[in-house]
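Colleague: Numbering of the sequence shown is given in numbering that gives the first Met the number 0, commencing with residue 0 and proceeding in unit increments.
Please keep in mind that the hints were generated in silico from the structure rather than gathered at the bench. Hints may contain errors.
To be verified - Below are the BS3-like pairs computed for lysine-lysine, each with C-alpha atoms no more than 27 Å apart in a straight line:
1. Lys107 x Lys152
2. Lys24 x Lys11
3. Lys119 x Lys107
4. Lys62 x Lys107
As the list claims (entries may be wrong) - Simulated restraints on C-beta separations:
5. Val42 x Tyr97: 24 to 32 Å
6. Ala25 x Val126: 45 to 53 Å
7. Glu98 x Asp52: 27 to 35 Å
8. Ile46 x Thr96: 17 to 25 Å
9. Leu139 x Lys22: 44 to 52 Å
10. Thr14 x Ala44: 14 to 22 Å
11. Thr14 x Ser93: 23 to 31 Å
12. Ala25 x Ser125: 46 to 54 Å
13. Leu19 x Asn65: 27 to 35 Å
14. Ile46 x Asp146: 29 to 37 Å
15. Leu139 x Leu94: 22 to 30 Å
Here a beta-carbon is modelled for each residue, glycine too, at the ideal position from N, C-alpha and C.
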Amino acid sequence: MAKNKPSQGARKTETLTLRLDPKVKAMIEIISRIRRQSITGVVEAAIEEIAFDLDAPYFFDGKTLNSSLGVVFSEIWSSDESERFINLCHHLPSLMTYEEQRIWETIKSSRCFWENEASKILSDWSVEGLGCVDISNLRLWWSDLLDHVEAHKDSRTVVPFEPEF
Numbered sequence: 000m001a002k003n004k005p006s007q008g009a010r011k012t013e014t015l016t017l018r019l020d021p022k023v024k025a026m027i028e029i030i031s032r033i034r035r036q037s038i039t040g041v042v043e044a045a046i047e048e049i050a051f052d053l054d055a056p057y058f059f060d061g062k063t064l065n066s067s068l069g070v071v072f073s074e075i076w077s078s079d080e081s082e083r084f085i086n087l088c089h090h091l092p093s094l095m096t097y098e099e100q101r102i103w104e105t106i107k108s109s110r111c112f113w114e115n116e117a118s119k120i121l122s123d124w125s126v127e128g129l130g131c132v133d134i135s136n137l138r139l140w141w142s143d144l145l146d147h148v149e150a151h152k153d154s155r156t157v158v159p160f161e162p163e164f
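Based on the sequences and whatever the hints tell you, model everything.
Modeller: Quick look at the structure:
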């Protein structure tokens, strides 16, 4: 997941630095002239086109299906990083990185992130034996959770997160 610089907070756009073959860069520049678009617009349009042509292993209703990434992404996307993460864990679990798997395992082992009588906002899906993720608590402690996972990254076992009140 992309991270903003600490002093900048959430932004409407993200910066991406790429190394391109000079021939490809020149081609993008020509495409942008023909389409009267910015280079960014050309790259965004190309990525969206690829996404709708690419099949993704999408988990839904207890089954793994192949569906267009462009369609699946609408189920995953949220402007809230913690909710987007939970959606990724549920719908595209086979595409998670090791670091994402470690965060997810920490969430699963931490009782504070699961539904209880005080829960306000629950995820739309359930994990057997655990229930639904308490999204309000996940949002509240997201940064602390990430710091906790980073601090325990060398541990051979997952260390449950216990928030400090």
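Colleague: Does 45 to 53 Å hold as the CB distance between alanine 25 and valine 126, or does it fail?
Modeller: This hint holds: roughly 49 Å between Cβ atoms.
Colleague: Between lysine 107 and lysine 152, does the CA-CA distance stay at or below 27 Å?
Modeller: Holds - the C-alpha atoms of lysine 152 and lysine 107 are around 16 Å apart, at most 27 Å.
Colleague: With the threshold set at 27 Å, check whether the alpha-carbon distance from lysine 62 to lysine 107 stays at or below it.
Modeller: With a Cα-Cα distance of about 21 Å, the restraint between lysine 62 and lysine 107 holds, given a limit of 27 Å.
Colleague: Do the beta carbons of leucine 19 and asparagine 65 sit within 27 to 35 Å of each other?
Modeller: 30 Å, holds
Colleague: Is the distance from the Cβ of valine 42 to the Cβ of tyrosine 97 consistent with 24 to 32 Å?
Modeller: 28 Å, holds
Colleague: Evaluate the given range 17 to 25 Å for the C-beta pair formed by isoleucine 46 and threonine 96.
Modeller: The hint (17 to 25 Å, Cβ to Cβ) holds, given that isoleucine 46 and threonine 96 are roughly 19 Å apart.
Colleague: Check the hint pairing lysine 119 with lysine 107 against an upper bound of 27 Å on the C-alpha distance.
Modeller: 18 Å, holds
Colleague: Between the beta carbons of glutamate 98 and aspartate 52, is the distance compatible with 27 to 35 Å?
Modeller: 28 Å, holds
Colleague: Alanine 25 and serine 125, beta-carbon distance inside 46 to 54 Å?
Modeller: 51 Å, holds
Colleague: Does the hinted range 22 to 30 Å hold for leucine 139 and leucine 94 at CB?
Modeller: The hinted range 22 to 30 Å holds for leucine 139 and leucine 94, with Cβ atoms some 27 Å apart.
Colleague: Using the C-beta atoms of isoleucine 46 and aspartate 146, is the stated range 29 to 37 Å upheld?
Modeller: Roughly 31 Å apart at Cβ, these two residues keep to the hinted range, so it holds.
Colleague: For lysine 24 and lysine 11, compute the direct alpha-carbon distance and say whether it is at most 27 Å.
Modeller: 25 Å, holds
Every hint from the earlier list agrees with this structure, and none is contradicted.
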